[in-house]
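Enquirer: For reference, the chains in residue letters:
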Amino acid sequence: MLELAGLTRRFGSVTALDDLSFSVRAGQVVGFLGPNGAGKTTTMRAIFGLVELDAGTVRWNGGSVGAAQRRRFGYMPEERGLYPGMLVGEQVEYLGRLHGMTRHDATAATRAWLERLGLADRAADKVESLSHGNQQRAQLAAALVHEPDVLVLDEPLAGLDPTGIDAIGAVLVEQAQAGRFVLLSSHQLDLVEDLCDAVTIIDHGRLVVSGTVDELASTGPRRLVVRVDDDRTGTWARQLPGVTVSELDRGAVRLMLAEDVDSQTVLAAAMAAGRVSEFTFTRRRLSEVFREAMA
Amino acid sequence: MTGRLAPVLIVAAAVVFIAVRLRRKQTRLAPKWRTRTDGVSGPVELVAGREVRQRLRGRAFRVATGLLLLGVAAAIVIPVATKGKTHPQDVGVVGHLTQSLRRAIGTAAKGVHAEVRIVPQQSRKQADAGLRAGTIDLALVDGDRVVVKHAPSSGDTTQTSELARAVAQLLGVGKAVRAAGLTAAQQAELAAARPLPITGLEPSRTTTAARSTATFGLIVLFILLSQYLSWTLIGVMEEKSSRVVEVLLSTIRPLHLLAGKVIGIGVVVFAQAAVAAGFALLLARAVGSDLLHGAAPLVLLSTVLWLVLGYAFYSWLYAAAGSMAERQDQVQSLAVPLVLPLVAAYVISLTVLSSGGAPPLYAEILAYLPPTAPFAMTALVGLDAVTWWQFTLSAVATAASVAVVAFLAAGVYRRAILRTGRRVQFREILGRASRSPRPDAR
Chain A
-16 MLELAGLTRR
-6 FGSVTALDDL
4 SFSVRAGQVV
14 GFLGPNGAGK
24 TTTMRAIFGL
34 VELDAGTVRW
44 NGGSVGAAQR
54 RRFGYMPEER
64 GLYPGMLVGE
74 QVEYLGRLHG
84 MTRHDATAAT
94 RAWLERLGLA
104 DRAADKVESL
114 SHGNQQRAQL
124 AAALVHEPDV
134 LVLDEPLAGL
144 DPTGIDAIGA
154 VLVEQAQAGR
164 FVLLSSHQLD
174 LVEDLCDAVT
184 IIDHGRLVVS
194 GTVDELASTG
204 PRRLVVRVDD
214 DRTGTWARQL
224 PGVTVSELDR
234 GAVRLMLAED
244 VDSQTVLAAA
254 MAAGRVSEFT
264 FTRRRLSEVF
274 REAMA
Chain B
839 MTGRLAPVLI
849 VAAAVVFIAV
859 RLRRKQTRLA
869 PKWRTRTDGV
879 SGPVELVAGR
889 EVRQRLRGRA
899 FRVATGLLLL
909 GVAAAIVIPV
919 ATKGKTHPQD
929 VGVVGHLTQS
939 LRRAIGTAAK
949 GVHAEVRIVP
959 QQSRKQADAG
969 LRAGTIDLAL
979 VDGDRVVVKH
989 APSSGDTTQT
999 SELARAVAQL
1009 LGVGKAVRAA
1019 GLTAAQQAEL
1029 AAARPLPITG
1039 LEPSRTTTAA
1049 RSTATFGLIV
1059 LFILLSQYLS
1069 WTLIGVMEEK
1079 SSRVVEVLLS
1089 TIRPLHLLAG
1099 KVIGIGVVVF
1109 AQAAVAAGFA
1119 LLLARAVGSD
1129 LLHGAAPLVL
1139 LSTVLWLVLG
1149 YAFYSWLYAA
1159 AGSMAERQDQ
1169 VQSLAVPLVL
1179 PLVAAYVISL
1189 TVLSSGGAPP
1199 LYAEILAYLP
1209 PTAPFAMTAL
1219 VGLDAVTWWQ
1229 FTLSAVATAA
1239 SVAVVAFLAA
1249 GVYRRAILRT
1259 GRRVQFREIL
1269 GRASRSPRPD
1279 AR
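Heads up: the protein sequence lines correspond to chains A and B, in order.
The numbering of the first sequence is the working numbering, which starts it at -16 and goes up by one.
The numbering of the second sequence is the working numbering, which starts it at 839 and goes up by one.
Honestly, the hints are just simulated from the structure, not real lab data.
Among the hints, erroneous ones may be present.
Said to hold, decoys possible - Some chain B residues judged to face chain A by a derived CB distance under 7 Å, without partners named:
no., residue
1, 883
2, 884
3, 962
4, 1081
5, 1082
Unchecked claim - Covered stretches of chain A (in silico footprint by chain B; criterion: 3 or more residues with CB under 8 Å from a CB of chain B, positions within the stretch not fixed):
no., segment
6, 19 to 33
7, 74 to 82
Heads up, the beta-carbon is just placed ideally off N, CA and C, and yes, glycines get one too.
Please put together the full structure from these sequences, using the hints given.
Expert: Quick look at the structure:
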């Protein structure tokens, strides 16, 4: 288990991390969420010793994390971390060797990962000549080349097209299924919900919510999705006592019902507003978990 | 000092010995620095290897090397070419070739370091035609007239002109002696006259070749140091701005990354300088340049040594400065205080060297200060104004200062390299607040 215990870091009057504790289990893809400035990147940097902490420890499998352990970690920073003028294959191999691989092993692993991520024919190209999506794939190959036990990825899905998201997402799930620790940050909550087994949400450097996606989705008030033809604002629902409009979702409204609210009352109000084409009880979405946590 | 090669060889051997000892010591302390038997390389080695490969592959290096070799070739070939022919001088002789005339030609040739071939001519007309066609270099007509194709000007230092002047001088003296009515014995005694020995109060000053070589060495030293230090500065800044440094430092220590970069570029510096020096010596030998005369090879060797020491001293400082910047404009403002001593030392040393006289006191002081020693000591060597132990003292002092500078620079680098968002100020990397970088909280 990767454990972050009591991480605290202050920069003058700014507290980036405030006694932050959570853990990542092997075999899970864990989404690391929070608004901008919440301290996600600082936390990830702390795992790699790139930030000196005022307090707290990072432990892995019960032991402290030092240089030797970090060689078994893979890191993909948000602002990417590749030499623009270096050849893709050479760069991935170089980073593999910095993690302790032999030249032979690094070469073989580089070839395999570039093949897996669809970059085999770009191995001899400079990184700067690749598209944004392909640069991200190359960065993922660099993070994975040494077969790390722990994978920490800062916004790995940002700016990718659906094909790229599918490709990288499949790799991350595969890594978790192989028993590795995978921690990724993202603002794309729908993607995180599809991809992750668990999420941790922080704000102002403090833990807000943590749990599996299933646990978080099944907790909280009842949820209703109601679609009334020609109504995209859900004005009719806002006037109902004990009913809160959670989200507007492609022509439907997502509602939270207080315990004493009868769903038939809601249905009647919807029918009064127009023709009802959808009326479904549903689970809490991750975006709702996030918004409610930040509220 | 320039009279003997041994002192500089001793210094070079001492530097190599110390480097090997340090390497062994570092190996004991940090075995990961070395290639291990399982084929896994240490981080410093890997970083340095990447630097070497990237630099050698780059167009900038190829162009710079080409220009450097071109400059070296020009500096060697042009003086030789303007000095004229160095092959045997063909002297056409019209009329009877007496023993005294033959002796006069031989003496004159020896005086200007020329080899002479006598080519008998049937007539003055044939001799003139030979001069115009270039089959002979000068002609003696009836032992009392010297003829060349072009009348030599006062500044003409070609071998043909110098030989013509020397022959004309000797024949003129001979003619005067004969006119004086001396006996044959008296004439023989005069002919056998040898110049008096000249006794100097102080050791002889440097040769023109040594000064020329030192001047050229200073220029190359400045160009190469500027180029490679700029690479170091920009390279560190680019690693920081591209955030690749975060990935690197997630697996290796800052000192290893810094040392690998400095050593890698240093290897390229030394390789390029060695290639240029080797090329210069080979070319000089091929064309018969003065570069191989006297102390000039020693000056060349000394320049290469000071290039390495100068790079070793400044590279750490430039790398530390690079770690404080993220953009080109920030780099430039940080580089100014580092460039100033380099430029000042270069200009002062070049001025002292070109004056050719005894170096002023301030130049001798600068030769012992590590930031200025690479240039000032090169100038003193070119002027033959330094003893071997003074040279050694300066080299050892600079080498020792490199260790101190590296220690301080590594501290700045470690504190500044992960601070992003704006240029790092010195006060930020001093004191308690400096103990770790301040990332952009996300």
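Enquirer: So, for every hint listed, does it hold in this structure?
Expert: Structure-based check of all given hints:
1. 883: violated, 10 Å
2. 884: This interface hint holds because 6 Å falls under the 7 Å limit.
3. 962: violated, 71 Å
4. 1081: With a closest approach of 4 Å, the residue 1081 of chain B hint holds.
5. 1082: holds, 4 Å
6. 19 to 33: Our answer is that it holds, as 11 residues pass the Cβ test (under 8 Å) against chain B, meeting three.
7. 74 to 82: holds (count 5)
When the structure is compared with the earlier hints, violations turn up for hints 1 and 3 and for no others.
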